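In terms of the numbering used here, the sequence shown opens at residue 154 and continues consecutively.
In case anyone wonders, no lab produced these hints; they're calculated from the structure.
Any given hint could turn out to be false.
Within a straight-line C-alpha distance of at most 20 Å, the following computed EDC-like cross-link-like pairs (lysine to aspartate or glutamate) qualify [said to hold, decoys possible]: (1) K300 with E259; (2) K295 with E270; (3) K176 with D239.
Label-pair restraints from in silico Cβ distances [stated by the list, open to error]: (4) C252 with G316: 22 to 30 Å; (5) E259 with R168: 16 to 24 Å; (6) I273 with L298: 18 to 26 Å; (7) N218 with I273: 36 to 44 Å.
Just so we're clear, the structure is a prediction, and the values are computed from it rather than from any experiment.
By construction, the Cβ of each residue, glycine as well, lies at the ideal position given by its N, Cα and C atoms.
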Amino acid sequence: MVTFFKTLNVSRLIRYSRRHGMKFNMLMCWCSGMAASGIKEFYMLPEGDKLMQFDSIAVNTIVMNRNGEVNSCDIPFSPDLQEFNDIYLKLTRHTSENCINHDLTESMVIGTSALVEYDIDGAVGMYSGIFNNPFMIWGKYKRRLLKTTLTVSFQFHHTQMDGAHAALFLNRIQDTIDHIGH
Numbered sequence: 154m155v156t157f158f159k160t161l162n163v164s165r166l167i168r169y170s171r172r173h174g175m176k177f178n179m180l181m182c183w184c185s186g187m188a189a190s191g192i193k194e195f196y197m198l199p200e201g202d203k204l205m206q207f208d209s210i211a212v213n214t215i216v217m218n219r220n221g222e223v224n225s226c227d228i229p230f231s232p233d234l235q236e237f238n239d240i241y242l243k244l245t246r247h248t249s250e251n252c253i254n255h256d257l258t259e260s261m262v263i264g265t266s267a268l269v270e271y272d273i274d275g276a277v278g279m280y281s282g283i284f285n286n287p288f289m290i291w292g293k294y295k296r297r298l299l300k301t302t303l304t305v306s307f308q309f310h311h312t313q314m315d316g317a318h319a320a321l322f323l324n325r326i327q328d329t330i331d332h333i334g335h
């Protein structure tokens with residue numbers, strides 16, 4: 154596993170979130186899916202000594218359930234932001250209320266974990282070979298004088314993609330943020 158860190162300018166995403174009443178975390182998940190959807194390596198997953206090819210991708214988010222614990226929720230990716238938002242809200246609400254994971258086994262899943270209450274600079278998790286999915290983590294965004302930034306860590310399996318693909322993915326997230334609503 155390899156981990157990259159990148160600081161994103163999320164000023165535009167925060168404004169869009171407020172203007173359109175959409176959750177920041179959902180928008181980050183959508184931007185991640187949008188960035189990944191154009192990179193073929195995101196449709197493959199290392200499993201043992203094979204690369205499994207998928208026809209679709211999903212974005213995972215961690216959901217606080219009604220018991221104060223966490224569950225995992227896979228959201229099928231749609232390039233249509235409103236459609237993704239509707240699915241995100243429906244599935245995260247269902248996961249929270251029922252306290253059960255929502256797993257999509259037919260899609261290649263990009264993991265995310267938003268630790269928005271904590272000021273962290275990144276995280277690195279060493280996978281044991283069970284979870285080989287690419288995984289992105291972020292904490293609290295930081296307000297500066299003229300912009301708001303968010304540091305993300307992105308972990309990926311080197312068998313799945315090269316560093317150039319991972320760097321392209323992170324750049325495409327920033328591009329997606331910069332052009333949201335256009």
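Discussion item. So if I understand the rule, the pair passes when the alpha-carbon distance is 20 Å or less; does K176 with D239 pass?
Written reply: Roughly 11 Å between the alpha carbons, so the hint for K176 and D239 holds.
- Does E270 lie within 20 Å of K295 when you go C-alpha to C-alpha? holds (12 Å)
Note to self: 36 to 44 Å was suggested as the range; check whether the CB atoms of N218 and I273 agree with it.
What the structure shows: 23 Å Cβ-Cβ, so the 36 to 44 Å window is violated.
- Task: Could you say whether the range 16 to 24 Å given as a hint is met by the Cβ separation of E259 and R168?
- Result: violated (35 Å)
- request: Just tell me: holds or violated, for the beta carbon distance of I273 and L298 against 18 to 26 Å?
  value: holds (22 Å)
*Using the Cβ atoms, figure out if C252 sits within 22 to 30 Å of G316.*
violated (38 Å)
Tell me if the straight-line CA distance from K300 to E259 falls inside 20 Å. violated (39 Å)
Violation of the numbered hints given earlier is confined to hints 1, 4, 5, 7; the remaining hints are satisfied by the structure.
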